[in-house]
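J.: These are the residues of each chain, in order.
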Amino acid sequence: MKTTIPILVSVVLLGCGKGSPEVVVYVALDREFAQPVLDRFTQVTGIVVRAKFDTESTKSVALRELITREASHPRCDVFWNNEVLNTIRLARANLLERHRPADADAYPAESRSADDAWHGLAGRARVLLINVDQMRDTPIPTSFEDLSLPAWRGRVGMAKPLFGTTATHIACLYAERGARNAKKLLERLRDNGLVILSGNKQAAVEVGAGRLAAALTDTDDALAEIRARRRVRIIYLPLSPSRPAPLVIPNTVALIKGCPHPEQGRRLIDFLLSAQTETVLAEGSGAQIPLRTSLRDRFPKEIPPMDDVLGFPFEKAADQWDGAMSDVKSTFAAP
Amino acid sequence: MGRRHERREIHVRRPMTSPPSQRDRSQYMGGRPWIDGDRLFSFAIAVVAILFVVLPALAPLTSALDQAGWQEMGDDVGRLASLTGSTALLVAMVEWIGLGPAALIGYVIARSLSRTRRFAKGVCLGMGSIPLVLISGGWLGAIGQDGWWPCDGVERGEPRAWLMVALIHATASLPWSALMIATLLEREPTGPLDAVRALGPRGIQRLALLWSELRAPLVPAALWLAYGVLTEMSVTDLFAVRSLAEEVYTQFESGGGAKGAILSCLPLAALFSLALLWIGCRSGRLMVTSEAFSNRSSRFQSTLVSWIGVVTMAAMTLPLTGLLWQLGLTVGAGGVTTWSARVARHYLVQEISQGRLIAETVWLALLCAAVATTAGFLISWRISQRPGLVPGLLIVAMAWNAAIPSPVLGVSVIDALNHPSAPLGLALLYDSVLPLLWARVARLTPLVCLLFAITFARMPRTSLESLQTLGLSARRQAWLLFVGPWRGTAILAFLLAALLAGGELPIAKLLAPPGLETWSMRLFHLLHTGTGNEQAAFGWAMLITWALMGAATSLVARWWTARAADRKPR
Numbered sequence: 001m002k003t004t005i006p007i008l009v010s011v012v013l014l015g016c017g018k019g020s021p022e023v024v025v026y027v028a029l030d031r032e033f034a035q036p037v038l039d040r041f042t043q044v045t046g047i048v049v050r051a052k053f054d055t056e057s058t059k060s061v062a063l064r065e066l067i068t069r070e071a072s073h074p075r076c077d078v079f080w081n082n083e084v085l086n087t088i089r090l091a092r093a094n095l096l097e098r099h100r101p102a103d104a105d106a107y108p109a110e111s112r113s114a115d116d117a118w119h120g121l122a123g124r125a126r127v128l129l130i131n132v133d134q135m136r137d138t139p140i141p142t143s144f145e146d147l148s149l150p151a152w153r154g155r156v157g158m159a160k161p162l163f164g165t166t167a168t169h170i171a172c173l174y175a176e177r178g179a180r181n182a183k184k185l186l187e188r189l190r191d192n193g194l195v196i197l198s199g200n201k202q203a204a205v206e207v208g209a210g211r212l213a214a215a216l217t218d219t220d221d222a223l224a225e226i227r228a229r230r231r232v233r234i235i236y237l238p239l240s241p242s243r244p245a246p247l248v249i250p251n252t253v254a255l256i257k258g259c260p261h262p263e264q265g266r267r268l269i270d271f272l273l274s275a276q277t278e279t280v281l282a283e284g285s286g287a288q289i290p291l292r293t294s295l296r297d298r299f300p301k302e303i304p305p306m307d308d309v310l311g312f313p314f315e316k317a318a319d320q321w322d323g324a325m326s327d328v329k330s331t332f333a334a335p
Numbered sequence: 001m002g003r004r005h006e007r008r009e010i011h012v013r014r015p016m017t018s019p020p021s022q023r024d025r026s027q028y029m030g031g032r033p034w035i036d037g038d039r040l041f042s043f044a045i046a047v048v049a050i051l052f053v054v055l056p057a058l059a060p061l062t063s064a065l066d067q068a069g070w071q072e073m074g075d076d077v078g079r080l081a082s083l084t085g086s087t088a089l090l091v092a093m094v095e096w097i098g099l100g101p102a103a104l105i106g107y108v109i110a111r112s113l114s115r116t117r118r119f120a121k122g123v124c125l126g127m128g129s130i131p132l133v134l135i136s137g138g139w140l141g142a143i144g145q146d147g148w149w150p151c152d153g154v155e156r157g158e159p160r161a162w163l164m165v166a167l168i169h170a171t172a173s174l175p176w177s178a179l180m181i182a183t184l185l186e187r188e189p190t191g192p193l194d195a196v197r198a199l200g201p202r203g204i205q206r207l208a209l210l211w212s213e214l215r216a217p218l219v220p221a222a223l224w225l226a227y228g229v230l231t232e233m234s235v236t237d238l239f240a241v242r243s244l245a246e247e248v249y250t251q252f253e254s255g256g257g258a259k260g261a262i263l264s265c266l267p268l269a270a271l272f273s274l275a276l277l278w279i280g281c282r283s284g285r286l287m288v289t290s291e292a293f294s295n296r297s298s299r300f301q302s303t304l305v306s307w308i309g310v311v312t313m314a315a316m317t318l319p320l321t322g323l324l325w326q327l328g329l330t331v332g333a334g335g336v337t338t339w340s341a342r343v344a345r346h347y348l349v350q351e352i353s354q355g356r357l358i359a360e361t362v363w364l365a366l367l368c369a370a371v372a373t374t375a376g377f378l379i380s381w382r383i384s385q386r387p388g389l390v391p392g393l394l395i396v397a398m399a400w401n402a403a404i405p406s407p408v409l410g411v412s413v414i415d416a417l418n419h420p421s422a423p424l425g426l427a428l429l430y431d432s433v434l435p436l437l438w439a440r441v442a443r444l445t446p447l448v449c450l451l452f453a454i455t456f457a458r459m460p461r462t463s464l465e466s467l468q469t470l471g472l473s474a475r476r477q478a479w480l481l482f483v484g485p486w487r488g489t490a491i492l493a494f495l496l497a498a499l500l501a502g503g504e505l506p507i508a509k510l511l512a513p514p515g516l517e518t519w520s521m522r523l524f525h526l527l528h529t530g531t532g533n534e535q536a537a538f539g540w541a542m543l544i545t546w547a548l549m550g551a552a553t554s555l556v557a558r559w560w561t562a563r564a565a566d567r568k569p570r
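Chains A and B, in that order, give the protein sequences. Per our numbering, residue 1 is the first one in the first sequence, and the count goes up by one each step. Per our numbering, residue 1 is the first one in the second sequence, and the count goes up by one each step.
In short, the hints are calculated from the structure, not lab data. All values derive from a computational prediction rather than experimental measurement. Ideal placement from N, C-alpha and C gives every residue a C-beta, glycine not left out. Keep in mind that a hint or two might mislead.
[What the hints assert, rightly or not] Now the in silico label distances, taken between C-beta atoms and shown as ranges:
| no. | chain 1 | residue 1 | chain 2 | residue 2 | range |
| --- | --- | --- | --- | --- | --- |
| 1 | A | D137 | B | L163 | 30 to 38 Å |
| 2 | B | S432 | A | E145 | 47 to 55 Å |
| 3 | B | L89 | A | E187 | 20 to 28 Å |
| 4 | A | R180 | B | H346 | 50 to 58 Å |
| 5 | B | L163 | A | R98 | 51 to 59 Å |
| 6 | B | T62 | A | A245 | 45 to 53 Å |
[To be verified] Some chain B residues close to chain A (C-beta under 7 Å, calculated; not the full set):
| no. | residue |
| --- | --- |
| 7 | A161 |
| 8 | D237 |
| 9 | S254 |
| 10 | T338 |
| 11 | H528 |
[To be verified] Covered by chain A, per the in silico footprint, the following chain B stretches (three or more residues, Cβ under 8 Å):
| no. | segment |
| --- | --- |
| 12 | 423-429 |
| 13 | 508-516 |
Chain B on its own, in the form it takes in the complex (with noise of 0.2 Å):
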């Protein structure tokens, strides 16, 4: 009753701030333009959502689901089902290896208190922007062959490198997943659970307990850690690890089966958007019913829980001190190997000095972090203002979107401008960044829009209405929103998208024009090369830079709040 109540203010209000119907237009022919200011904004999302969610949502579609694409498939039926199973089989195992440490990390973070757990959220951003390809970097240079805990057979395909694989995959995703469990833990009603363990329960009761509340944000962690392993080849490449992402990218690079690689990839892919479908679908209830449980009444920290969180945090250092290790390796007379601080020194300014490689990684992460924080938010509002069919079915482009692999994704984008017939097309393809542009912001706008989807979840619907009954017109909405309380959310997906568009491997392996190397490029063929001491130097030649980065965002970010600050009415 209140809803049907709601939608009918909404209604009456919506003729102020809404374009002209075609009823009205004549009014507005004498004293405004035909095409208003607010049309024109609307037309432009939709030209947004249609290039960076419909399109690549459609293209893997129309560029395998052909006659050809099912007669690769049948002819390759058997193994192409074997490595569906390996995949799943190797999705399994990170989630295995990599959801109880996040979980206990997440939950550790949630139930501390205030400040430390801001400093914990840090941490993890820190560690979650560490790119995959200098992960792997890290973890060859410590278990490798010259690495300070040398092991047999890692990188052969045997059963070890397997573990090797779920075990990086695990360890790479581990703050995101934590983040995630810890955000979504602090919006859980927990007066109740504060009452139940008040009654002192222990041993399973209090396991049970710890599981119910888990329970639910595990789950997008457990999508999370999926995604990572559905989308990425660089470290089963390097393990020697087949997997469907990297089957897509090889076969297609050798020049045939791709199509039937992608189209064995498009069950696991229309599972996965189903399963972040139910998550958008539950979390947004979530976020409402926790409106009612704002203030927490207790927090409780165990002593057992934090060793093991550290513990886990502390394993995620591994990489690192591969990558340092590896830094200043020399092998001296006899195969015998020393370390060095001069030639860690040597190779660490050579690699810094290599300006060129830097800024055009800097300059293209930035340029896909805008566009896609900005298409994403475009989005978001526009979904967040109507809902109904067309923003339902742009939802379901979306996670169909954010669940297809990259390596796919590369590959559609080169099918569907890959024509003899139009020019305009293979011009970009060949001539330009904007197909790697392309594909890095579709991948990256369901990212941002689910950042904004939370941010409007826990957002009062007052604030809202208030917007449409000053009588502003939707740009200037949306933009109010967007400098307002959107704010913290655009910097933190501009930050994050930045550092998913930099580290990135697959698209950029595929789509970057002659000249152009990225950071994640050069790494991967480091690391195939075995130039341990240039590898390990361009590692944290990234790693500073990456910090750089984001110091510089959070300086913005400190200065745009201050500015917001002082112009609010004191």
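Bound conformation, chain A alone (with noise of 0.2 Å):
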């Protein structure tokens, strides 16, 4: 008896299911939008899924840490991210292994990475989500500058720009308007009063109160205040006026280098890339963009049609990531 608990009480910390095979997966994208994808693997496979989920708050680049903190361990084998620039950043740092998926070519070659590192799929548009009762007396606006005007002081939101698509957001404005200029918006934006969120559900759901006038969000939390039947509409905000084309950001999975179950990892891999997922995620509360050609037709129809839905350098993008975020951090990040 004497040595049979610490036994038990071993095999419960350190080894519990491990006859079964199983696949570690991070996920940014929201636990209630992707666990149904997962479970679905688990049926289809038998391949247990271990899924570690990160919050609003610290949304991808707390997962990105952590992928890089556990570099010379690693324990995650597919990286499910809601974006891209962190994705490529752990491409970057050598940190992902290359698959190709045998569903690869169905998807627009903007969206993989060119030495197959990592593959998009599914994406959100950042849009900005308005509240038509704020607008009866206020033209409605058409681009950045737009939200600095006297008439939108402290009426206009965003989430935290360090985390999740709005620092994505934010590298991008940098890599298309340059960082200087993109730096002065950014400033101006916050002296005339910009209100930050913890996260773009908050954002939606401050403009569907009708508690802000417009608010930088994703498509997906814009997609629930109309469902919810709020006075709200979604306008696409370019990034620069040579760039009209409204900014798409899509979901990216890789498989980590030197994971413990990479064959369990590329299997995932090849299921999330599948017709049937992008799919579900489309035709899902979520309500995600598909990149697939074929599925064009399952555009969420509450969403305004985009010509172009891939077409932003993201690469370049991730050229400006630490430059931009010390930038919001000097710029918003005072208590």
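Using the hints, build the complex out of the two chains.
T.: Here you go:
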């Protein structure tokens, strides 16, 4: 008895479930949207998925940091990021394993890295959600510059710009406009009383409730407000006058170099890049925008149509990441 | 003189119980093994103390006190100083809001009749067991966008949000603070005060009298309120209010600046731990003097004070009404919100059916509580046996442990184990729940020790001495104390540790391995994604499980007590 208890405790703490095949996945996409897909994968393949999700407040960046910290002893097999820049940063740190799924060619070439280190799927557009009741006396904004006008003082919100798709959006602004101009724009927005909220969901909710006139958010959060019958409307805000297309940020999946379950990891990536998964993500409450050309008819009907789904050079934005985040910290991170 | 005499007595008795010295070892070599049970027991206690008190206390210092840490702090000194100031301001606001009601409720409880007092303490224990993250959810459910009492600007980091954060922390800490005040007031010598009261003082005199009674118990309550603010990050995160604890977590997760933030936390932690030590010394003296006044001459109840207590307790139920409101909320045509019992039942059943999540949270909480209770008991017992330099240092380390914010402890554990040259540490960190267990137990052990220390201070010295004179082994003595006079404290400590471990967020968020999700993590996530019905249902599922856990523990405690009573010689 004296030896049985420690052995049992050790088994429970260190090794339970080691018998069945498993795959460890770090997921930055919201649990509500990702979990059904992962459950389906387990049903189809019998491979148990051990998922680690992050929270809205440290979206995608926290998981990227964790993978970097674990680099000498990876435990993550697959990184399912809800954006692209932090995946590119991992690829540049040589932490990703190349893998070309069978269905890779069904996606446009710009949705994956040239060396197959990562692959994009279902995306979300960055939008300005406006409350139509608050727009009666104010012209609808058509550019970022409009948001820095006195009419919008203290009426516009945004999630913490250090994490998730908001950070990606800022880095893309830097890539598109140049660091100096982008920083000036951020300072103007800050001086005009830009409200910083804990997440994109909160930003959308504030607009839906009419407490803010407009907020920068993602299409899935904006759609939740539309489907809740709030008096809101989606507007695409171009990154610059020379690039009128909306910014669509794809999910990305990648295999981690030296991961403990590479075979299971490859199977999960193949599953995630299947047409079935993109359809589920597009038709689910997250209403992700399909990247496969064959699934364009599944484009969520509440989202205004767009011509150019993937046209932004994300590699260029990844170059700007460190500088942009440093500026964001100094501009917005004061308590 | 008396003390010296007492020491000499113990010295004479020591050879009967203490392990053999170097000189006497030879006489044991023939009949007993060289490492006997007592020596092994002492060694085990030392290991427990090092693992759960000394190492976690040193970890933040070793992880942040280096050149990089000073550099980070120097680069960002203005912002970090401002954050330190805002955290201190938040603590002050929480004290300002929370201490008054806590003092009044504690006073009413302490001066009530025995049966009422027991009931009120039970209510406080129940209310205090609600995790902070759940209380935050309830408040958002009540005053957020779809709440029954919506307020503007509370989620935006505006002054109103600061007030909300302070209010939530004060509300969450209220039951424990009130309980502390009541428990300490019960032991205050009331005889002389009752005599003064009999003279019929009025107005300012009466207030002065009240203040003189409450002054000492208010200090630990104030510390408990500060502990809540310094250690948690969920409320500040939800309301976009920046504090040092959240800064450490956010900076670490974003890959930079955590060392500077950790260093900024340390002065506040040092102040906090000094205060804890001061209270420890003072309460020890208080306990000794209270023995002389065991018979209270009378109690008085003020109707006004009772009403204030009732109203304040009612205010605590606001988060629960928020959770209930959110549970059955539906948005109809034109955005009209209605409440439906059918919807509430549907979501509740759906969440309760997630047995895996419930089981994972509960078994981890129970495991943490069991280890923390055992560790806390062993350390307290050792300290009570041999006062001296080493136990003194251990007490200092425990006070420091209790003072450092939870995210700092979590980050320090990661730093301690994350070395590519130490594969065992990496394996433990990445593939097991041991780091999570370690950090949580390190967090809980000082609190458990505090409970045992109070019990020890209340126990007559003769009880300990009688155990020693029986010539029992150290292990046997400890066991008799554990199942005897310290049994009630052990049960209370276990329950408190299980509840705190189950509702704890920052350490779980930093150290949970893939595939493991605790309730606090899930609820924190739901609060961010804004799925109101699920979030409320989850909250209620948590509450129901918590209540069942509490009921099960009290049943076990009752059974244990009855069993012990049966064994007593009649």
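J.: Looking at the structure, which of the earlier hints fail to hold?
T.: 7, 10
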